[in-house]
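2 protein chains.
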Amino acid sequence: MQSYQEMTKEELCKEKESLEAAYKEWQKRGLSLNMARGKPSEEQLDLTMPMMDVLNSSADLHSEDGTDCRNYGGMDGIPEAKRFMAGMMGVNPENVLVYGNASLNIMYDTVSRSMTHGVMGSTPWCKLDKVKFLCPVPGYDRHFKVTEFFGIEMINIPMTAEGPDMDLVEQYVSEDAAVKGIWCVPKYSNPQGISYSDEVVKRFAALKPAAEDFRIFWDNAYVVHHLYEDDQDEILDILSECEKAGNPDMVYEFCSTSKISFAGGGVAALAASKANLEFIKKQFTVQTIGYDKVNQLRHVRYFKDMDGVKKQMMKQAAIMRPKFEMVEKVLSEELGGLEIGSWINPKGGYFICFESLEGCAKSIVAKAKEAGVTLTGAGAPFPYGKDPKDSVIRIAPSFPTMEDLKMAAEIFVVCVKLASVEKLLETK
Amino acid sequence: MQSYQEMTKEELCKEKESLEAAYKEWQKRGLSLNMARGKPSEEQLDLTMPMMDVLNSSADLHSEDGTDCRNYGGMDGIPEAKRFMAGMMGVNPENVLVYGNASLNIMYDTVSRSMTHGVMGSTPWCKLDKVKFLCPVPGYDRHFKVTEFFGIEMINIPMTAEGPDMDLVEQYVSEDAAVKGIWCVPKYSNPQGISYSDEVVKRFAALKPAAEDFRIFWDNAYVVHHLYEDDQDEILDILSECEKAGNPDMVYEFCSTSKISFAGGGVAALAASKANLEFIKKQFTVQTIGYDKVNQLRHVRYFKDMDGVKKQMMKQAAIMRPKFEMVEKVLSEELGGLEIGSWINPKGGYFICFESLEGCAKSIVAKAKEAGVTLTGAGAPFPYGKDPKDSVIRIAPSFPTMEDLKMAAEIFVVCVKLASVEKLLETK
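So the protein sequences, as listed, match chains C and V.
Take our numbering: the final residue in the first sequence is number 434, and no numbers are missing along the way.
Take our numbering: the final residue in the second sequence is number 434, and no numbers are missing along the way.
Chain C extracted, bound-state conformation:
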């Protein structure tokens, strides 16, 4: 196909006309489609239904150390759940605390406690004039919402194909004591699907922070969320890398079963050094009477171990993969060679990240909306919802059916083309 960049004004005008016609055809159909939500489909959730049978009324609800999961006690998780979640993250069970549903809640708590109580003896962040977080962009909007909620200043760090721009990270972290944290999704990142290279992980572990209470917030949300059986990303274990580099306390790692079992009824965990955990447990005993141990037991009895998880994730992949590949096919067939956008075909995670011409993302999302396709808001993957180039759009292929997704993708590419033509015409 001819690149839009090389078209004359006349050619662009002609293209615009035909695109407008196509767009109107879609509008006429009055569709209501959604590629905004990074949530599992019903079919994926059905995979976990057998879990509902493992703890019935005749089951023994004691954990392996004799704890009655139905009663109070065992604040940091039952032993088998700690081992299970540790296996997922590739760390030692003694470095793990198991929580309730939702790892976001652990991240929120961790930031909230740092605000009110500091980090392992440091000044509470709420007593400081300025607290800053580094935010690799594009990133996960809910991370940014947490830091925004607490009035923490967020600094954009560009992503590269190997992870965040580490030169910039090293500079900020070593020079500015107000920089207290960085949000990372190190594997199959949200939204780009990028996995951090070994060098990036090692450079993270070797950071020399100006602030003693600087922490890496390592959200390993997609740790086992591969799309392919034979082509999987693996990243280095940040906890042991930090320990090797003499920075054992510098990282909090988070993960959950939200997109493994049920997003609405899973188990989440935190991994960190023993010194960090000791400090956190002081809050733990004040904060709650204990998380849901019955659900922890249910998960372990069902999945048993990492083999069980891997089998489950390959079933999930079998449902997810065709959706990703279909969207990628439409993008490639319809936009390939036009030079109006780029995207990465990820090997895991939940998203495809589309980068349009500068200044087109909002327009594309608005056009899609008017043709019946809801996309994640333009700007959402950036702190304060502000995409400096107005070019990043997060596509979530998981939830719609294949039929709906195909239509949504086809509408999307029409919108991309139309917005791009309009943009290019502005300067002709």
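Hints should not be assumed to be uniformly reliable.
[Claimed, not checked] Only some residues are given here: those of chain C computed to face chain V with a beta carbon under 8 Å:
| no. | residue |
| --- | --- |
| 1 | Gly72 |
| 2 | Asp74 |
| 3 | Cys75 |
| 4 | Tyr78 |
| 5 | Gly106 |
| 6 | Asn107 |
| 7 | Asn111 |
| 8 | Cys132 |
| 9 | Phe268 |
| 10 | Gly270 |
| 11 | Gly296 |
| 12 | Tyr297 |
| 13 | Asp298 |
| 14 | Val300 |
| 15 | Ile350 |
[Stated by the list, open to error] Coverage of chain V stretches by chain C, computed from C-beta distances (three or more under 8 Å per stretch; other residues unrestricted):
| no. | region |
| --- | --- |
| 16 | 73 to 85 |
| 17 | 118 to 132 |
| 18 | 294 to 302 |
[What the hints assert, rightly or not] Result set (DSSO-like, lysine-lysine): computed pairs, CA atoms no more than 27 Å apart in a straight line:
| no. | chain 1 | residue 1 | chain 2 | residue 2 |
| --- | --- | --- | --- | --- |
| 19 | C | Lys288 | V | Lys375 |
| 20 | V | Lys392 | C | Lys288 |
| 21 | C | Lys133 | V | Lys287 |
| 22 | C | Lys133 | V | Lys375 |
| 23 | V | Lys136 | C | Lys133 |
| 24 | V | Lys136 | C | Lys392 |
| 25 | C | Lys288 | V | Lys138 |
| 26 | C | Lys136 | V | Lys133 |
| 27 | V | Lys133 | C | Lys138 |
| 28 | C | Lys151 | C | Lys34 |
| 29 | C | Lys288 | V | Lys280 |
| 30 | V | Lys136 | C | Lys288 |
| 31 | V | Lys151 | C | Lys280 |
| 32 | C | Lys375 | V | Lys288 |
| 33 | C | Lys151 | V | Lys133 |
| 34 | C | Lys133 | V | Lys133 |
| 35 | C | Lys287 | V | Lys133 |
| 36 | C | Lys151 | V | Lys280 |
| 37 | C | Lys136 | V | Lys136 |
| 38 | C | Lys136 | V | Lys288 |
| 39 | C | Lys287 | V | Lys151 |
| 40 | V | Lys392 | C | Lys287 |
Derived from the structure by calculation, the hints contain no laboratory data.
In this text, a Cβ means the ideal position worked out from N, Cα and C, and glycines have one as well.
Following the hints, put chain V in place on chain C, whose structure we already have.
Same frame as chain C, but now just chain V:
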């Protein structure tokens, strides 16, 4: 029995000798008993085992409004769970948010958010020089731990047979703008088992706080936890009383199913005015991706409604009541007339509160420990763990078997007598 108060020095010495002999006999048996833990017994937990069958692999896990409980979404609880928890508290479902396991976690969050974000627009408490909470005593140690954790100054308010000393509460609340809250367990209070009279509730609702961000923390932990079918305490609904008094936003009410279903896998809820909820929901969407909706659904499908809960609580009472009555019998038979202590026979809740002679509680708890009976630490029911009179001991009869409990109670009364005799001899 002859009152210890009327005994001569010689009589007391003789009594001491015989008590020491009895105490040594108990010590020889090398028992290990526990009356410290306010947790349900295994037999009580077994009552809820049929709940494990209601959501099996062929169940429909959609809520009545079509929400797939397995997936993300529905931040404030599924409609039937809101209605269910509202029924428990006697409020409207629209005034309810449903959380995960543990109401203590909601209380912690509520205080924590007030510290960092204030209350409905007020200055964040962490920015103030001084924040104070009123603490009716004796009270629940974990409430006091929350406020202590945040450096909030706690002020003791004596309990009366009808609830907290309201003259004192009114004075503090109306005169001191640093007083931002009060911890209440209004029904079958922890540890005394006192239920607030209608007049007390109405005086609470009619408070005229100096601080606009003053809130009553109304922990209705034992709302349906009666010991008797035909002799039950009921208290007025604080939400509607506050509304009637023109103070609709002045109260947060908390409750949970911890001691109805499973303490280690229940559902908790918050009730408050719509204005409060609107403010809280802003945090909600930042704080979590959602609480466990599957467990919410499991609870409602099992209990169905308040009739289901009431039936369950009468089964719980049938297990609890003989334990309470047995302890009360031992206390009355062994201590009646001695004038060395008093206690209330509660009609619900989880505790019997024993009040010894001044300066004896620590000694009694220590003696019991050495004879193999663990009691809640003396001082625990007071802010900072400091009982000004050193006289209050919380007895938790629920967890031990009847046999163990009988021995524990018998050892306890020997320890009370012995500590009292020693005390009385000091001044002879």
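Verification of the hints:
1. Of the supplied interface hints, the one on glycine 72 of chain C is violated, with its beta-carbon coming no nearer than about 12 Å to a beta-carbon of chain V, more than 8 Å.
2. With 8 Å as the threshold, the beta carbon of aspartate 74 of chain C comes within range of chain V, its nearest partner Cβ sitting at about 7 Å, so the hint holds.
3. The closest approach between the C-beta of cysteine 75 of chain C and any C-beta of chain V is roughly 5 Å, which is under the 8 Å cut-off, so the hint is satisfied.
4. Because the smallest distance between the Cβ of tyrosine 78 of chain C and any Cβ of chain V comes to about 5 Å, under 8 Å, the interface hint for this residue holds.
5. A cut of 8 Å between beta carbons decides the hint on glycine 106 of chain C: the least distance to chain V is about 5 Å, and the hint holds.
6. For the restraint placing asparagine 107 of chain C at the interface with chain V, the shortest Cβ-Cβ distance is roughly 4 Å, inside the 8 Å limit, so the hint holds.
7. Hint status for asparagine 111 of chain C: holds, given a least beta-carbon distance of 4 Å to chain V, under 8 Å.
8. Checking cysteine 132 of chain C against chain V by beta carbon gives a least distance of about 5 Å; that is within 8 Å, so the hint holds.
9. The beta carbon of phenylalanine 268 of chain C comes within 4 Å of a beta carbon in chain V, closer than 8 Å, and the hint placing it at the interface holds.
10. Because the smallest distance between the Cβ of glycine 270 of chain C and any Cβ of chain V comes to about 4 Å, under 8 Å, the interface hint for this residue holds.
11. The interface hint given for glycine 296 of chain C holds, since its Cβ lies 6 Å from the closest Cβ of chain V, which is under the 8 Å cut-off.
12. With a cut of 8 Å, the hint placing tyrosine 297 of chain C at the interface with chain V holds, because the nearest CB-to-CB distance is about 6 Å.
13. Look at aspartate 298 of chain C: its Cβ gets to within about 4 Å of chain V, closer than 8 Å, so that hint holds up.
14. The interface hint given for valine 300 of chain C holds, since its Cβ lies 3 Å from the closest Cβ of chain V, which is under the 8 Å cut-off.
15. Evaluation of the isoleucine 350 of chain C hint against chain V yields a violated restraint, the C-beta minimum of about 24 Å exceeding 8 Å.
16. Note: the region 73 to 85 of chain V has 7 residues with beta-carbon separation from chain C under 8 Å; the three-residue rule is met and the coverage holds.
17. Residues of the region 118 to 132 of chain V lying with their CB closer than 8 Å to a CB of chain C number 6, which satisfies the three-residue condition for coverage.
18. Counting residues of the region 294 to 302 of chain V whose CB lies closer than 8 Å to any CB of chain C gives 8, which reaches the minimum of 3, so the coverage claim holds.
19. The straight-line distance between the Cα atoms of lysine 288 of chain C and lysine 375 of chain V is roughly 26 Å, inside the 27 Å bound, and the hint therefore holds.
20. A threshold of 27 Å between alpha carbons decides the hint, and for lysine 392 of chain V with lysine 288 of chain C the separation of about 20 Å falls inside it, so the pair holds.
21. Of the supplied pair hints, the one linking lysine 133 of chain C and lysine 287 of chain V holds, its CA atoms being roughly 25 Å apart against a limit of 27 Å.
22. Between the alpha carbons of lysine 133 of chain C and lysine 375 of chain V the distance comes to roughly 43 Å, so the proposed pair goes past 27 Å and is violated.
23. Our distance criterion of 27 Å between C-alpha atoms is met by lysine 136 of chain V and lysine 133 of chain C, whose separation comes to about 14 Å.
24. This hinted pair does not check out: lysine 136 of chain V and lysine 392 of chain C have alpha carbons roughly 38 Å apart, beyond 27 Å.
25. Note on lysine 288 of chain C and lysine 138 of chain V: the hinted pairing holds, with a Cα-Cα distance of about 22 Å set against a maximum of 27 Å.
26. With a CA separation close to 14 Å, the supplied pair lysine 136 of chain C and lysine 133 of chain V stays within the 27 Å bound.
27. Only pairs whose Cα atoms come within 27 Å are accepted, and lysine 133 of chain V paired with lysine 138 of chain C is accepted, the gap being roughly 19 Å.
28. For the given pair, lysine 151 of chain C sits about 37 Å from lysine 34 of chain C by alpha-carbon distance, which is inconsistent with the 27 Å threshold.
29. A threshold of 27 Å between alpha carbons decides the hint, and for lysine 288 of chain C with lysine 280 of chain V the separation of about 33 Å lies outside it, so the pair is violated.
30. The suggested pairing of lysine 136 of chain V with lysine 288 of chain C holds, with an alpha-carbon distance near 23 Å, which does not exceed 27 Å.
31. For the hint linking lysine 151 of chain V to lysine 280 of chain C, the alpha-carbon distance of about 23 Å falls within 27 Å, and the restraint holds.
32. A threshold of 27 Å between alpha carbons decides the hint, and for lysine 375 of chain C with lysine 288 of chain V the separation of about 26 Å falls inside it, so the pair holds.
33. As the CA atoms of lysine 151 of chain C and lysine 133 of chain V are separated by approximately 22 Å, the hinted pair is consistent with the 27 Å bound.
34. A threshold of 27 Å between alpha carbons decides the hint, and for lysine 133 of chain C with lysine 133 of chain V the separation of about 8 Å falls inside it, so the pair holds.
35. A C-alpha spacing of about 25 Å is found between lysine 287 of chain C and lysine 133 of chain V, which places the hinted pair at or below 27 Å, so the restraint holds.
36. This hinted pair checks out: lysine 151 of chain C and lysine 280 of chain V have alpha carbons roughly 23 Å apart, not beyond 27 Å.
37. At roughly 22 Å between alpha-carbon atoms, lysine 136 of chain C and lysine 136 of chain V fall within 27 Å of each other, so this suggested pair holds.
38. A threshold of 27 Å between alpha carbons decides the hint, and for lysine 136 of chain C with lysine 288 of chain V the separation of about 23 Å falls inside it, so the pair holds.
39. For the hint pairing lysine 287 of chain C with lysine 151 of chain V, the CA-to-CA distance comes to about 14 Å; that is within 27 Å, so the pair holds.
40. Restraint check for lysine 392 of chain V and lysine 287 of chain C: satisfied, since their Cα atoms lie roughly 23 Å apart, inside the 27 Å limit.
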